[in-house]
Amino acid sequence: MSLLQQIKNKVRSKSIHVTFVDVGSCNGCDIEVLACLAPRYDIEQYGIYVHNNPREADILLVMGVMTPQWEDKLRILWNKIPDPKVAIAVGNCPISGCVFNRRESYVDPPVSKHIPIAAEVPGCPPRPTEILNAILSLAPVVFRDYEEKMK
Amino acid sequence: MGYLYEKDLRMMKYHILQSPRHMSLVSRLADDLGMRVPDLQKAMIRRCDMAYLENLPARYETWLEEGDRDDELARAIGRELYTIYVPLLDPDKMQELHLKVKTMADESGSPQEAASAGICMIREEILT
Amino acid sequence: MKKLVDVSIPIGPVHPCWKEPVRIKCETSGERVLSAEVELGYMKKGIEKIMRGRPWQEVMFLAERVCGICSVIHNMVFIEAMEEISGISLPPRAAYLRVIVNELDRMQSHLIANFSYCYTIEHETLAMYLLDVREQVLDQLERVTGARINTAYMIPGGVRFDLMEEDSGALRTALREIETGVKRYMKMFSSGPLISLRSRGIAVFSREDAIKARVVGPTARASGIPESDLRSRHPTYIKLGFQPVWREEGDNFARVMVRFDEILQSIDLIQKALDTLPEGDIRGGGICKAGETAYSGEAPRGELRYFIKTDEYGRVVDITIQTPSIMNIEACTHSMLKGVTSLADVTSTFISADPCIACMER
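From first to last, the protein sequence lines stand for chains U, W and F. The numbering of the first sequence is this note's numbering, which starts it at 92 and goes up by one. The numbering of the second sequence is this note's numbering, which starts it at 5 and goes up by one. The numbering of the third sequence is this note's numbering, which starts it at 30 and goes up by one.
Don't take every hint at face value.
[As the list claims (entries may be wrong)] Interface residues of chain F toward chain U, partial, derived using beta-carbon atoms under 7 Å:
{"#": "1", "residue": "Tyr71"}
{"#": "2", "residue": "Gly315"}
{"#": "3", "residue": "Ile316"}
{"#": "4", "residue": "Lys318"}
[To be verified] With a cut-off of at most 20 Å between alpha-carbon atoms, the simulated EDC-like pairs for lysine to aspartate or glutamate come out as follows:
{"#": "5", "chain 1": "F", "residue 1": "Lys241", "chain 2": "W", "residue 2": "Glu129"}
{"#": "6", "chain 1": "F", "residue 1": "Lys241", "chain 2": "W", "residue 2": "Asp94"}
{"#": "7", "chain 1": "W", "residue 1": "Lys11", "chain 2": "F", "residue 2": "Glu56"}
{"#": "8", "chain 1": "W", "residue 1": "Lys11", "chain 2": "U", "residue 2": "Glu162"}
{"#": "9", "chain 1": "F", "residue 1": "Lys241", "chain 2": "W", "residue 2": "Asp72"}
[To be verified] The calculated label-pair distances, taken between Cβ atoms and stated as ranges, are:
{"#": "10", "chain 1": "W", "residue 1": "Met125", "chain 2": "F", "residue 2": "Leu226", "range": "29 to 35 Å"}
{"#": "11", "chain 1": "W", "residue 1": "Gly38", "chain 2": "F", "residue 2": "Leu226", "range": "52 to 58 Å"}
{"#": "12", "chain 1": "W", "residue 1": "Glu65", "chain 2": "U", "residue 2": "Pro130", "range": "41 to 47 Å"}
{"#": "13", "chain 1": "F", "residue 1": "Lys216", "chain 2": "W", "residue 2": "Asp43", "range": "36 to 42 Å"}
{"#": "14", "chain 1": "W", "residue 1": "Asp74", "chain 2": "F", "residue 2": "Met157", "range": "41 to 47 Å"}
{"#": "15", "chain 1": "F", "residue 1": "Leu226", "chain 2": "W", "residue 2": "Glu70", "range": "31 to 37 Å"}
These are computed hints drawn from the structure, not numbers from a lab. Being a predicted model, the structure only gives us computed values, none of them experimental. All C-beta atoms, glycine included, are put in the ideal place defined by N, C-alpha and C.
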């Protein structure tokens, strides 16, 4: 393993930038992600920073069923995130559509039809600790030796 | 894809107008104005933004309670209804129409006739 | 809508200050906002369409998922509307327990609204303090109902779980702690000179405008309309001697302070309800019948109305939900934002009206 890769591994393990996008949830998952910021869970002690700028992010948290307005926009947002990147689906909605996936509704789940999803956190809504756990267990798997794997 | 994210919102605005309360309100207004429901929906979609459309029933209720209280004639043609509460017309244009209706009522001595003529003019104005 | 000037500044849909996607197009001359237009559709799921033709047992859970922040009141208003249709009476103990849960939910909703406001005016320390208090409130909600967000606590003719003696003791202790915390942060907010500069006198919304735009909830009460609080007409709240809090200034500061005051008032109400909690059953039971009604209750953001029509098997034939955010967001963007002198105040004004896009679009 090259020295450069080792440095990159070291840096990436302590700086995970997260952005979140709500593609039509009921707000429940939103506020649970927000609760991760609270001093009780203190997301920043693990080196995770929450941004709303996709150009700085490594991890995209997707919440909600796909609504018609997002169909073109989510892909644009995903393309703006620099490599290496992953998307995590938070809550039941992006996985299956939950209660909203019925014949009459306007939604178009799952989100994995539109962007590649690396991990799923089920729950309606999942607890903040589960969201944190998902980010922390996924990040090393994806970001460690990323350039070596790409060769 | 350019840098502008503008999207055609007409279908989404139409979805808002599909709830039963909106449907009953729109058909009531269309009855008052003597025009077809799709025409009125089209005018609403063109002139109101999405927040107005969501709020239409509540605004109409407020007009029933509060709007045009002191003026019989203004209430009959819905002066504040079509400018403030359901913004389909320009206030200046409405003022002009209201004056016209008022003089008509004074001349003919029959407010009902003048009001129905005024509603005709409002309908023409909304359709253009 | 008609264009006033050429410059139109869009804010959103993904914006650091907004937790939900919405897009506001501000027409500005210099930095002064002349008019604003809302673009929605990012959250339109069509819940009302899904609800139609389903039994109340399913609609009850769907109603909760209209909005995750104020899920308890959606549950409560739907269930009380069903009770009114079917003539189901409620055991007194259950009525009091409903008030306790509802007030806990209101506290956490107001705390997150004030958190967002502090976050938007870049006072992150105070925002984090408030978020910490909110976690304590959520713990109490979990203690009583067993869930943090979607509780499904109320059912026709009662509530699901009783409040144990030891739980009510723990709830009292926690409420005292929360009260000290909230009082401290309220003092920090009201005495901070920089917070004042960003909040006092910004986006003043007069009483006349408020009546005309039919705003509801804390936004209306900050403009001096105390009668907008529907809790003063609810039978259980009347028993508890409820008096609405209100202010006259109508600016951003007043809107946030009304919410702080209501948190303290909710703590008082819960304590009073715990003191006078009657003994007895928590579930009466009953059968949902055919009927039609319009029922309203006071959500954290204002008046929430359900228009429901059911058939003889308790299926929902027709339903329309009028949420408070519809009126508040509409009034905020079309009246409050008009004449705001700086674009930085646009976001803080919008957040001060406590918008909930999930409620608004359903």
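To see whether the hints hold, each was checked on the structure:
| no. | hint | result |
| --- | --- | --- |
| 1 | Tyr71 | 5 Å, holds |
| 2 | Gly315 | 25 Å, violated |
| 3 | Ile316 | 25 Å, violated |
| 4 | Lys318 | 25 Å, violated |
| 5 | F/Lys241 to W/Glu129 | 25 Å, violated |
| 6 | F/Lys241 to W/Asp94 | 18 Å, holds |
| 7 | W/Lys11 to F/Glu56 | 18 Å, holds |
| 8 | W/Lys11 to U/Glu162 | 11 Å, holds |
| 9 | F/Lys241 to W/Asp72 | 12 Å, holds |
| 10 | W/Met125 to F/Leu226: 29 to 35 Å | 50 Å, violated |
| 11 | W/Gly38 to F/Leu226: 52 to 58 Å | 54 Å, holds |
| 12 | W/Glu65 to U/Pro130: 41 to 47 Å | 44 Å, holds |
| 13 | F/Lys216 to W/Asp43: 36 to 42 Å | 58 Å, violated |
| 14 | W/Asp74 to F/Met157: 41 to 47 Å | 52 Å, violated |
| 15 | F/Leu226 to W/Glu70: 31 to 37 Å | 35 Å, holds |
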